[in-house]
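These protein sequences, in sequence, are chains A and B.
Read left to right, the first sequence gives residues 1 to 418 (the numbering used here).
Read left to right, the second sequence gives residues 419 to 836 (the numbering used here).
Do not rely on the hints blindly, as some may be mistaken.
Straight-line C-alpha distance at most 27 angstroms; calculated DSSO-like pairs for lysine-lysine [claimed, not checked]:
1) A/K231 with A/K148
2) B/K620 with B/K511
3) B/K649 with A/K407
4) B/K566 with B/K825
5) B/K825 with B/K649
6) B/K422 with B/K620
7) A/K93 with B/K440
8) B/K440 with A/K22
9) B/K649 with A/K231
10) B/K440 with B/K620
11) A/K22 with A/K93
12) B/K825 with A/K231
13) B/K422 with B/K440
14) A/K231 with A/K407
15) A/K277 with A/K321
16) A/K22 with B/K511
17) A/K22 with A/K4
18) A/K93 with A/K231
In short, the hints are calculated from the structure, not lab data.
The structure displayed is predicted, hence computed values, not measured ones.
Number of protein chains: 2
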Amino acid sequence: MVRKTVLPNGLRIVSEPLRYLKSVSLGIWVDIGSRDETAVECGTCHFIEHMLFKGTRRRSALDIALELDAIGGLSNAFTAKENTCFYARVLDKHFVRLADILADIVLNSTIAPEEVERERQVILQEICMVEDTPDEYIHDLFTALSWKDHPMGMPIQGTEQSVDGIDRAALTDFIRRRYVPERTVVAAAGNIEHEEVVAVFKPLFEDFPPGGDAPARSIPELTPGVIVHEKDLEQVHICLGASAPSQRDPQRFASAVFNTILGGNMSSRLFQEIREKRGLAYAVYSFLSSYADAALLGVYMATDAQQVNPALEIIHREIGKIRRGEVSENDLTNAKENLVGGLYLGAEGAEGRMMRLAKNEFLFGRYVPYDELAESIERVRLDEVVEVSRSVFENGRLALATLGPLKQGELAVDILHF
Amino acid sequence: MVRKTVLPNGLRIVSEPLRYLKSVSLGIWVDIGSRDETAVECGTCHFIEHMLFKGTRRRSALDIALELDAIGGLSNAFTAKENTCFYARVLDKHFVRLADILADIVLNSTIAPEEVERERQVILQEICMVEDTPDEYIHDLFTALSWKDHPMGMPIQGTEQSVDGIDRAALTDFIRRRYVPERTVVAAAGNIEHEEVVAVFKPLFEDFPPGGDAPARSIPELTPGVIVHEKDLEQVHICLGASAPSQRDPQRFASAVFNTILGGNMSSRLFQEIREKRGLAYAVYSFLSSYADAALLGVYMATDAQQVNPALEIIHREIGKIRRGEVSENDLTNAKENLVGGLYLGAEGAEGRMMRLAKNEFLFGRYVPYDELAESIERVRLDEVVEVSRSVFENGRLALATLGPLKQGELAVDILHF
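Looking at chain A on its own, in the form it has when it is part of the complex:
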């Protein structure tokens, strides 16, 4: 059902008809993200994402907002480490209008100097907001520590200093070099046929000139270590983790199963041992931050300062148990059921399907059907889960960040060694 068309300039159009819906989810994606920035450019992609809503040659910022609000109610954009996406879900009758707006902001934004100055202030406020939200900020601190001095470790929104240094020329130059048709994917899922998507987008994008240079991406390596960020908060927020199989690594399915068993759901080891059996935390979970050539598997928890050490001891013990093979066929089956069930439940909406279309195109250059993914998960063996747990949590190869009322030296658990 999924079809793909490549325009002469290299721009790809992928779509999936979902005829039972009345809506279409449409995204214009560029596979350029914060990892393609130098330290000085840190925050440029995110700045560009903001600026594309601030006016084109045909539309003022207010026009864009009015038109999107009138047809959508659900339009948005995001910048990630590896790509940037402008998207919306609209009733099918509004598809052509939406396509015109999104293509216009991607191709014809003026990046007016006075708008750059104003938007800089908005972004600086956004950076402050992240700092005020500890369960978000701790993830930035953890990633910065893990992938130290590497673009993958830098915050997507930039820093106060880097955002201060980005001017109009830097933004337009970055767009000219990086926003090219070869790196652009139009993805649509919903009540629409591929022929219509192509018919609408071909005239919009056929004059988009190819060229620009492909950014060279280097693979980040984990910097082991501990950072204690003292702050006056009610709780200590903690992230700890290590390198895991990337999104293109054959071990990624075993890694997903391991993550589920460790702390991915209510029946997981960490949820049961930390929250259910001991009441040490309200929020505790493990997570996978996966990219094309790198990934982190981590644990997040928030708890009282005096409960940090007992909780870390349990996390350390539970990871150790899985590493030693204390995991059953039953655990494996439960984790797979949970993963596969979640996969198919997530397949019903237009937005999730649209996102998968683009991500599969960037990662694999092809569509990966849900059934294929489910089969890959089903095939994972117990010994592969144990093996991946050992290779992820290697002796000494961990990073740990804390944020809250905990002082350097108060950490009494050697979480880094097994």
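Once you have looked at the hints, place chain B on chain A.
Then chain B, alone, in the frame of chain A:
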């Protein structure tokens, strides 16, 4: 398509078949919430919500977690001011199993004393987490100020003090008195027929004994005033607002349109004036917190301490403009398009439909079709929007709360008077 069955004990079953889906969203709702608690009981409903996952006569806490994870991946519960809901979305083949688990936890939870003590610690951590999240905590502060000394103003999760005082007897007594079939609604939406929902739930719930007393709910009144909560944060988080038409008030449609025009979307007055034209904030919006007999219409914003007064002046001016009738037919049309579009876009998923089934049953005792709601929005006239803006933002009848690095006395804008 929506059908309803009332069992002899008063329990209501409402369902809506969505045959194009492969999943079913199922919720067991009780129309008892934090507003039905006394000051001493504050947090009881939320405590009960937690305890219902901690073991029944047939299932341990781990059994419940394992079974829900195996079939769902997406199961959850929440406590609101007026109701409590236990729900999950599962593939249709798992419907019977899900129904059995959810009915079991609602009817047969043991509320074991040692589990009460453990879960108390989890909830105390949850309370700390809310306090550490300023864009969430400011809403609690604002509501507590607006509806001072009234159950509607108390935090749903309780306070440290109140949660400390709730024991097993208080929980089981509350359940016995309040969790009765007359106040329970089973709602299902997705790939399922009404006959099957009834056939599954009738045996599960037919022995649920009717009785218990209906809680007397008093209507909260707004306490005007200002509270400045000083805290070491990057930004000052602000909520201000006033009484608005309730969910049963005929003026609620005009109020929704007013909210949209004021700060409900990207083209709204506040987003344009505060963020787009001046870069004073990243997050600024207006919101409606609506209940059966009361509502608050408020504005949220986060910004630097030194920008608080200029921003408040603009908020004050923009509200004043609408009150003076400076709003056009164009504004009205745009707001309606946005509201109606969002309504139909939200209608595609099973979960949103399931929630509407239960809420309509509690509020109106009947299903309100999407088309009827859309027509009510379409009928709103410009003079009604102006009228509602005047009655909401009455001279002196406002509440304002701030959280962040702003001192008492630094507020230089009389936001309370027009």
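Right, here's what the structure says about each hint:
For the hint linking A/K231 to A/K148, the alpha-carbon distance of about 21 angstroms falls within 27 angstroms, and the restraint holds. Between B/K620 and B/K511 the CA atoms are separated by roughly 19 angstroms; this keeps the pair inside 27 angstroms, and the hint holds. Using a Cα cut-off of 27 angstroms, the hinted pair B/K649 and A/K407 holds, with the two alpha carbons roughly 20 angstroms apart. A threshold of 27 angstroms between alpha carbons decides the hint, and for B/K566 with B/K825 the separation of about 22 angstroms falls inside it, so the pair holds.
Using a Cα cut-off of 27 angstroms, the hinted pair B/K825 and B/K649 holds, with the two alpha carbons roughly 9 angstroms apart. For the hint pairing B/K422 with B/K620, the CA-to-CA distance comes to about 13 angstroms; that is within 27 angstroms, so the pair holds. The suggested pairing of A/K93 with B/K440 holds, with an alpha-carbon distance near 25 angstroms, which does not exceed 27 angstroms. The suggested pairing of B/K440 with A/K22 holds, with an alpha-carbon distance near 17 angstroms, which does not exceed 27 angstroms.
For the proposed pair B/K649 and A/K231, the alpha carbon gap of about 12 angstroms is at most 27 angstroms, so the pair holds. Simply put, B/K440 and B/K620 have alpha-carbon atoms about 24 angstroms apart, close enough for the 27 angstroms limit, and the pair holds. For the given pair, A/K22 sits about 9 angstroms from A/K93 by alpha-carbon distance, which is consistent with the 27 angstroms threshold. Proposed proximity of B/K825 and A/K231 is supported: the alpha carbons are some 20 angstroms apart, at most 27 angstroms.
For the hint linking B/K422 to B/K440, the alpha-carbon distance of about 22 angstroms falls within 27 angstroms, and the restraint holds. Of the supplied pair hints, the one linking A/K231 and A/K407 holds, its CA atoms being roughly 9 angstroms apart against a limit of 27 angstroms. With a CA separation close to 17 angstroms, the supplied pair A/K277 and A/K321 stays within the 27 angstroms bound. For the proposed pair A/K22 and B/K511, the alpha carbon gap of about 25 angstroms is at most 27 angstroms, so the pair holds.
Annotation: proposed proximity of A/K22 to A/K4 holds, straight-line Cα distance about 22 angstroms (limit 27 angstroms). Annotation: proposed proximity of A/K93 to A/K231 is violated, straight-line Cα distance about 51 angstroms (limit 27 angstroms).
In this structure, only the earlier hint numbered 18 is contradicted, and the remaining ones agree with it.
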